[in-house]
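Please construct the entire structure, taking both the sequences and the accompanying hints into account.
Number of protein chains: 2
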Amino acid sequence: MFNNFVYQNPVKILFGKGQIAQLGKQIPNDAKILLTYGGGSIFKNGVYEQVKQALKDRNIIEFGGIEANPTYETLMQAVELGRRENIDYLLAVGGGSVLDGTKFIAAAIPYDGEDAWQLVTGKAKVKQAIPIGSVLTLPATGSEMNFFAVISRKETHEKKGMGHPLLYPAFSILDPETTYSLPQKQIANGIADAFTHVMEQYMTYPVNAEIQDRMAESVLQTLIAVAPKTLGNPTDYEARANFMWAATVALNGLISVGVPQDWATHEIGHELTAAHGIDHARTLAVVLPHLLKIKKEDKSGKLIQYAQRVWNLSGTNDELIEGAIQKTIDFYESLDIPTKANAYGIGQETVDKIVKRFEEGKVVLGERHDITPEVVGEILGMSIG
Amino acid sequence: MFNNFVYQNPVKILFGKGQIAQLGKQIPNDAKILLTYGGGSIFKNGVYEQVKQALKDRNIIEFGGIEANPTYETLMQAVELGRRENIDYLLAVGGGSVLDGTKFIAAAIPYDGEDAWQLVTGKAKVKQAIPIGSVLTLPATGSEMNFFAVISRKETHEKKGMGHPLLYPAFSILDPETTYSLPQKQIANGIADAFTHVMEQYMTYPVNAEIQDRMAESVLQTLIAVAPKTLGNPTDYEARANFMWAATVALNGLISVGVPQDWATHEIGHELTAAHGIDHARTLAVVLPHLLKIKKEDKSGKLIQYAQRVWNLSGTNDELIEGAIQKTIDFYESLDIPTKANAYGIGQETVDKIVKRFEEGKVVLGERHDITPEVVGEILGMSIG
Numbered sequence: 005m006f007n008n009f010v011y012q013n014p015v016k017i018l019f020g021k022g023q024i025a026q027l028g029k030q031i032p033n034d035a036k037i038l039l040t041y042g043g044g045s046i047f048k049n050g051v052y053e054q055v056k057q058a059l060k061d062r063n064i065i066e067f068g069g070i071e072a073n074p075t076y077e078t079l080m081q082a083v084e085l086g087r088r089e090n091i092d093y094l095l096a097v098g099g100g101s102v103l104d105g106t107k108f109i110a111a112a113i114p115y116d117g118e119d120a121w122q123l124v125t126g127k128a129k130v131k132q133a134i135p136i137g138s139v140l141t142l143p144a145t146g147s148e149m150n151f152f153a154v155i156s157r158k159e160t161h162e163k164k165g166m167g168h169p170l171l172y173p174a175f176s177i178l179d180p181e182t183t184y185s186l187p188q189k190q191i192a193n194g195i196a197d198a199f200t201h202v203m204e205q206y207m208t209y210p211v212n213a214e215i216q217d218r219m220a221e222s223v224l225q226t227l228i229a230v231a232p233k234t235l236g237n238p239t240d241y242e243a244r245a246n247f248m249w250a251a252t253v254a255l256n257g258l259i260s261v262g263v264p265q266d267w268a269t270h271e272i273g274h275e276l277t278a279a280h281g282i283d284h285a286r287t288l289a290v291v292l293p294h295l296l297k298i299k300k301e302d303k304s305g306k307l308i309q310y311a312q313r314v315w316n317l318s319g320t321n322d323e324l325i326e327g328a329i330q331k332t333i334d335f336y337e338s339l340d341i342p343t344k345a346n347a348y349g350i351g352q353e354t355v356d357k358i359v360k361r362f363e364e365g366k367v368v369l370g371e372r373h374d375i376t377p378e379v380v381g382e383i384l385g386m387s388i389g
Numbered sequence: 005m006f007n008n009f010v011y012q013n014p015v016k017i018l019f020g021k022g023q024i025a026q027l028g029k030q031i032p033n034d035a036k037i038l039l040t041y042g043g044g045s046i047f048k049n050g051v052y053e054q055v056k057q058a059l060k061d062r063n064i065i066e067f068g069g070i071e072a073n074p075t076y077e078t079l080m081q082a083v084e085l086g087r088r089e090n091i092d093y094l095l096a097v098g099g100g101s102v103l104d105g106t107k108f109i110a111a112a113i114p115y116d117g118e119d120a121w122q123l124v125t126g127k128a129k130v131k132q133a134i135p136i137g138s139v140l141t142l143p144a145t146g147s148e149m150n151f152f153a154v155i156s157r158k159e160t161h162e163k164k165g166m167g168h169p170l171l172y173p174a175f176s177i178l179d180p181e182t183t184y185s186l187p188q189k190q191i192a193n194g195i196a197d198a199f200t201h202v203m204e205q206y207m208t209y210p211v212n213a214e215i216q217d218r219m220a221e222s223v224l225q226t227l228i229a230v231a232p233k234t235l236g237n238p239t240d241y242e243a244r245a246n247f248m249w250a251a252t253v254a255l256n257g258l259i260s261v262g263v264p265q266d267w268a269t270h271e272i273g274h275e276l277t278a279a280h281g282i283d284h285a286r287t288l289a290v291v292l293p294h295l296l297k298i299k300k301e302d303k304s305g306k307l308i309q310y311a312q313r314v315w316n317l318s319g320t321n322d323e324l325i326e327g328a329i330q331k332t333i334d335f336y337e338s339l340d341i342p343t344k345a346n347a348y349g350i351g352q353e354t355v356d357k358i359v360k361r362f363e364e365g366k367v368v369l370g371e372r373h374d375i376t377p378e379v380v381g382e383i384l385g386m387s388i389g
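Chains A and B, in that order, are what the protein sequence lines are. Counting in our numbering, the first sequence runs from 5 upward without gaps. Counting in our numbering, the second sequence runs from 5 upward without gaps.
Keep in mind that a hint or two might mislead.
The list makes no distinction among identical chains, and a pair is therefore deemed to hold if it is satisfied within one copy or across any two copies.
[Unchecked claim] Computed cross-link-like contacts, SDA-like style, restricted to lysine to any residue with a CA-CA straight-line distance of at most 20 Å: (1) K297 <-> G389; (2) K158 <-> G281; (3) K158 <-> E77; (4) K21 <-> M5; (5) K127 <-> Y241; (6) K16 <-> A174; (7) K16 <-> G167.
What the hints contain is simulated information worked out from the structure, not anything from laboratory work. Treat the numbers as computed from the prediction; the structure is a model and nothing was measured.
If you want it as structure tokens, here you go:
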């Protein structure tokens, strides 16, 4: 068994110090640009100035205030602005939320249906999109080199993923120095997010995909090695650069070709964010270790491989499996990210609500399609216990 | 230190059993296609039939006979045919030589200068190219997912590399089953070629590029693991698939971003092929081990890392370095590829000729630009000794 696959990723990456200066060459001269950003950190860390300098004399309008877990409600304001101003290029400057939100804007501006939310739910298809470029300032989501976006809706407390090849950024600029001023918590979250992205694509069952497995292990090993360095010294350029590139490769499609994927941790985590507003990465740390415990038999082949290759453990199969799960918990905790849901004030009430929601939606998760709402209840129950 | 880089690779890969059936969807319906191939193995292994079936009712003309180490002289016949017939799509069906040759054809057809060889030497720039698709039948060169080509010229006994982003294939189809009927020698050569490609990009000096290093090690480890399996059982689909994907990733640009590169082994090897007609991969096995011995101090950092991570060796630094070089020799020899030049009848006369040629061309090679013609003489001298 070696599964067929199709792989194509056309995103141009400009990586390193000073690369924002290359921005002008990436965007057509006559483009009317809508620059999108988040809470305004780009004004404090010098990124806004660099972007304006690289695009001086260009036709730019701006839309700020895209929040973490970007909402349909906010983004529709940008869509209206973009339509009104006839913009023809989007430049996302910020982290994964700004990028994800901008992908939605790119698809929604030319959408002629009545309800653009249907682009998120999949009821309407993306048929056109405004081209997107990005300047990434927070390594975490991998959004800079893929075509996925996660969008929330306040009104209905929903958080959903969408994706389409038309939503690949044309280019993404990654300058590790732009991340120096980020709060430690955001760096820790970014590391946990990237780590979990790899686990979703790797921690399933073996299908003899040697290159994909070893590349996934490469990203995990890099994140593990780099985490204490980059948290310990935010201006260690090499550590920050390795983290930034690792986070991109974690979700640019390369490690997932032809292998089963899980993503249950993300699906369950999204519910915790929607219900309690907990940081995305932290919800992953709350779910994954307990999911691994409950699914350890199904995942035994990969847990053993992960124990040996990523953590250099030895011992019996049972020891390897237990050791691998414990190392995973220890890793999240080393980032100051608790792995128990009760640390975030989540109780049985929330668990019941999420289980009910999955039951109503007939949601079944996991690489074997066997994580039923009942199993979700067990996972979360163990996490609050 | 972490070097800046730009990375973009738009090639679409369709990987796996039966993917040739997807050919029709990859090429515009109204395209006039020039199908290029080599010595005719595609008629014996069923690939030609599959291609014709997938493209029935399409407008196709054919050009066969592209040789290993494709020559300018042969390729110019295809260029004339393509111009005369006004073709607007090239479909390369074969191994790296057919692909490389087709890249030259793609650039030469629209070239309006007098001497298309200048596209190879770099005296003329590629400004336009006919789009290329490929069906790969021999994993080795990585040409299916990069924009490089190596072209030979009979008249002058030259062998030179060219490259341009316009020469990326639009798509490449990789079906491991198409390789089942290949002679063992070609598979062994392909493994050695892919292995050496990685070494050229990896075996230099450390620059703290964690992801790139670990991914390079991933490809090496995969090739080492897969070699005896795929040589021992040509129809082991998993082994062949892992080999095929490894050979592509070995030279698709991902492992080389931001790291120093050597390529001296290839440059010297090209001379051996030009002078003696030795298989490309075999020239690499003749050069690399001796180059490593002579440059072992400059390369010590990476040799130690390679010894530990790829070959799981332990010991003093000197032991690790010697062990790593010996393992490399053993690996080539395990493929039935001799690593001594005298095994191919190469003597001091050829060495002197190559050294003289490099002296005349003022060629200096290697990641530190210190492999002078004199050092080339030492390397080859050790190889014939």
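Hints and how they fare:
no.	hint	in the structure
1	K297 <-> G389	within (13 Å within a copy, 60 Å between copies)
2	K158 <-> G281	within (11 Å within a copy, 69 Å between copies)
3	K158 <-> E77	within (7 Å within a copy, 67 Å between copies)
4	K21 <-> M5	between (43 Å within a copy, 11 Å between copies)
5	K127 <-> Y241	neither (44 Å within a copy, 39 Å between copies)
6	K16 <-> A174	both (6 Å within a copy, 16 Å between copies)
7	K16 <-> G167	both (18 Å within a copy, 18 Å between copies)
Going through the hint list in order, the structure does not satisfy hint 5, though it satisfies all others.
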